[in-house]
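Undergrad: Take a look at the letters that make up each chain.
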Amino acid sequence: MSTILKENESFYKRHALKLSPEYTQGSFTWITTLALTVVFLLSSIDFSEKAVKPSVFGVFTAYALFTLIQMIITLKIKQDLKKLGFIRQSTRMLGYIQLLSIFTGNIFVTAFAFQLIKKKKTPEYVFAVYMLLIQFFVIAVSALNLFKPYVSDTFLPAMFVFLIIALFQLAVLFLIAKEKKGAKVAGWKPFIGIPLLLTALTGNLFALVLGWNMLMEKRNRNNPSTGKWYKVWEKIASNTTSMLGLFFIIFVFAISVCSYLTFDYGMAIENNYSAILQAPSLVYPLGTDNFGRDLFSRIVFGARISLIVGLLSTAIPFIIGGILGAISGYYGQRTDNIIMRVLDILYAIPGILLAIVIIAAFGSNTMTLVIALSVGSIPTYARTMRANVLMVSNYEYVDSARALGASNLSIIFKQVVPNSLAPMIVKATLTIGGAVIATSSLSYLGLGVEPHIPEWGNILKIGSTYLESHSYLAIYPGLAIIALVLSFNFLGDGLRDALDPKLD
Amino acid sequence: MEAANAAEVRGAHKEANFSDMISRTYAKMQLHPSYKWVLFILGLPVQLIVFLIYLNKKKRDAYSSLVEKSRKELLESGFKEELTLEYRNQLQCKQAFFDQKVDEAETIQLAEKWAEEQLQKTVIEKTETILENYGQKRITFESTFQALLLNPLFLLLTFIPGLPMYIFILLYSNPYLKYIFERLIMSIFVIIGVAFFVFTILYISPFNPAANILGETATKEQIAAFNHLYGLDQPYLTQLWNALKGIFTFDLGSSFSGNEEVAASIARKFPITLILTLIALIMAIVIAIPIGIISATKPNSFLDYTFMFIALIGLSIPNFWQGLIFILNFSIKLQWLPATFNPENWLSIIMPAVVLGTGLTASIARMTRSATLEVINEDYIITAKAKGLNQRQVLWKHAVGNAMIPVITVIGLMFGGMLGGAAVTEKVFNISGIGSYIVDKQFIPDIPSIMGGVVYVAITISLVNLFIDILYAFFDPRIRSKMKQS
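For the record, the sequence lines run as chains A and B. Each residue of the first sequence is one higher than the one before, counting from 1 in my numbering. Each residue of the second sequence is one higher than the one before, counting from 1 in my numbering.
Hints are computed from structural coordinates only; laboratory data are not their basis. Predicted, not measured: the structure shown is a model, and the values here were computed from it. Just so you know, not all the hints are guaranteed correct.
Just some of the chain A residues that point at chain B, by a computed CB distance under 10 Å [to be verified]:
#	residue
1	Lys18
2	Leu346
3	Val357
4	Tyr444
5	His452
6	Lys461
7	Phe490
By construction, the Cβ of each residue, glycine as well, lies at the ideal position given by its N, Cα and C atoms.
Construct all of the structure, not just a fragment, from the sequences and the given hints.
TA: Below is the structure:
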């Protein structure tokens with residue numbers, strides 16, 4: 001027994017570098033921050049006038065400083081792991097310095113710092129960290145409105161509430177971090193769970209998951225059916241890139257919800273001819289467009305449309321295609337043949353062209369856009385679902401349900417469908433990004449969301465006409481689109497690794 | 001003399017073989033109801049002749065009288081009463097076990113029904129054994145047909161009237177031909193379906209092209225004249241038929257606005273889109289496949305992470321934004337490449353092709369990586385390594401070929417997406433291809449132009465996928481064996 005343990009230890013020591021999540025994340029973090037630092041350096045220098053913009057340069061120095069510390073920490077981790085096989089407490093302490101990077105808005109370094117500080121990380125801890133980070137970022141982004149000539153009426157009370165929520169969540173984080181993992185569920189958990197659930201009203205979905213988990217933990221302990229989902233949760237929490245993706249998605253969602261209180265819609269849609277095409281400044285963080293509308297507010301309000309259209313045009317084909325695929329996979333033979341052949345017709349038309357045809361017929365507005373995008377992706381979902389249902393309906397538990405006298409419909413929706421959902425979820429996550437891109441592409445062509453609504457594609461369309469003189473009008477909304485799509489892709493990849501479905 | 005004899009024998013043998021094959025395939029096809037019907041329709045004259053022969057033979061058939069006889073015998077021996085009693089017992093036992101209370105009359109009825117069914121079965125079985133003892137078989141239409149087909153003379157005589165049917169049987173007898181033929185039929189079905197779908201959607205559109213083109217001041221007569229000119233006043237089915245006919249005869253009439261031949265303008269705009277897509281496709285394959293393989297051979301290394309990160313970014317960039325950024329940097333700031341497309345300047349196609357190909361490159365790289373990784377962990381790769389092959393031989397001779405199969409499917413599918421997605425890229429770079437043509441025409445909506453554009457794109461995609469599927473049938477041993485089994 002002891003020899004096995006020893007061998008295990010030496011195995012860990014030899015492979016410590018590869019096994020350590022901190023080291024992988026550390027390397028990832030310093031590379032991304034270095035890239036960001038270089039971007040800030042390049043944008044701080046005005047090449048045509050050979051001058052330096054002081055404000056951007058300040059940001060650059062802050063980033064450079066944290067990148068440097070990050071590199072040192074990564075090196076130290078590497079040394080520790082090579083020498084000792086574990087990370088020393090003194091190295092972990094350095095994480096507290098990196099926590100300060102939250103004030104530069106560097107999410108990568110901050111997330112890493114939280115990971116480094118705690119040795120044994122539970123999924124609850126990771127979720128609590130991201131919950132707090134979201135709240136902080138929402139407050140910080142909303143606070144940029146303070147520089148505006150006026151703010152909305154609800155701004156001050158809303159900010160006050162947000163601050164209280166943030167403090168509460170900080171306290172929750174401390175409690176979770178200090179909690180000893182034992183057999184018994186700590187008594188305070190259900191009492192904190194309910195207020196935590198309430199804070200999810202700000203759009204902070206991390207709080208929703210965490211609060212729900214706290215309420216349910218006592219019941220779910222020792223319940224074998226939840227074990228699988230806990231594993232999935234654990235895997236996602238330990239996957240940095242998918243957590244960062246999830247962070248950005250929930251951040252966009254939260255800021256879309258909070259913008260009802262803290263942002264002034266007038267800034268985004270009303271013309272202000274005294275401030276046309278202004279360069280980025282504190283009042284207009286991303287500049288203004290040709291009608292003097294604040295680009296920053298427009299992008300924040302555009303997030304709403306992009307998210308709603310993206311989610312709806314994924315949810316509709318998910319349900320319709322899922323049901324069609326389940327029916328055709330379960331019944332097989334003629335039913336299968338008819339359904340799949342009809343869907344083949346839809347599948348033969350490229351998504352964008354199909355959307356253009358439908359929009360040509362029924363006019364360009366958000367509703368048509370959602371339907372147009374949905375119709376095109378029904379066949380892919382139906383195919384995914386069908387392939388899985390074909391596999392699942394041969395399993396023993398389906399036979400046993402049939403032997404017990406369950407009806408076909410109840411077998412499909414109680415046995416078969418729940419067990420073939422995993423690939424559908426992964427597929428949906430990976431295609432939401434595509435839907436977001438399609439939405440903005442069609443808006444850019446003038447076929448999507450009505451032009452007066454600040455949608456990312458519409459903003460870009462305006463920006464593209466000022467490409468030569470005011471390129472920032474086209475760059476920033478594009479970056480927002482990329483960030484959102486990239487986040488969905490990261491999350492989808494993480495979900496695929498965690499759920500491990502057999503995808504064809 | 002002997003040689004000539006042998007040749008003759010071989011010839012006869014061949015002939016017999018041929019009719020034998022036809023007869024066997026015919027029997028096989030009778031199992032599928034749909035094929036049965038197609039055969040019936042295609043070979044109607046032959047079927048009629050055979051039917052007459054069948055009737056003639058049936059008259060002399062002893063089958064029905066034999067059935068009658070054996071039934072009588074069985075009834076007399078009390079076989080049915082025995083069966084009824086047995087079934088009744090069974091049912092009662094079952095009811096007692098499950099504690100069910102069932103009406104006695106119902107039980108008896110059920111038992112009698114079962115007994116009757118069993119009796120029928122036994123009668124037929126018995127009759128067939130008797131027939132077999134006499135060395136005869138029951139005469140059916142199918143068996144008559146089959147027997148006649150075995151006769152080369154019959155084949156020769158009915159060759160001309162039954163030609164379509166024989167061709168169909170021949171197609172079915174060869175698995176490759178059958179597969180290709182079925183795929184072809186499927187593609188035609190899909191193309192007709194696409195045309196029907198697109199036309200119907202545009203038909204039920206609440207917009208009025210006449211009012212859009214003639215303006216708000218148009219009188220009712222003018223609108224009616226416009227509708228009459230373009231056949232918009234005809235009933236739905238006539239219009240649909242005309243549209244379908246137009247698609248297959250490349251004559252879609254003239255467009256609503258600009259009064260140009262739709263088919264001609266599509267033919268003029270299609271090549272540039274196709275060239276753009278092909279260049280993008282080639283670029284994507286050349287870049288992505290090596291990257292995917294390199295990533296897969298060194299999984300979870302720094303190189304792998306970097307490549308896959310870049311690929312993910314490539315997947316997440318909207319085409320039009322990438323185009324704008326390219327124009328901003330390479331045309332406006334650096335002035336290396338022209339910002340808009342110009343057929344005379346081949347440099348101007350570089351940026352559109354790169355933009356269009358980025359998403360595809362990223363997808364292929366990711367797909368290649370995962371497919372290769374999957375193959376590398378298969379048992380036969382371990383075998384190859386155990387044989388003492390070096391890493392390179394194992395990778396290139398055993399792994400990559402098999403990994404490419406799903407990748408090529410994805411390329412075929414993505415090609416369709418690219419032809420459609422080209423609309424956005426064409427708009428950004430001001431290329432007058434089929435995509436931007438459809439976008440321009442959709443505001444009216446110009447029904448023949450949109451339908452023509454979309455349907456011809458769908459046809460191209462269907463043909464490409466058909467081609468890839470057929471290639472597979474020849475190259476993938478798994479599909480080959482599956483085809484032969486079915």
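Undergrad: Now, for every hint given, state plainly whether the structure supports it.
TA: Hints and how they fare:
| no. | hint | verdict |
| --- | --- | --- |
| 1 | Lys18 | holds, 8 Å |
| 2 | Leu346 | holds, 7 Å |
| 3 | Val357 | holds, 6 Å |
| 4 | Tyr444 | holds, 5 Å |
| 5 | His452 | violated, 18 Å |
| 6 | Lys461 | holds, 9 Å |
| 7 | Phe490 | holds, 7 Å |
Violation of the numbered hints given earlier is confined to hint 5; every other hint is satisfied by the structure.
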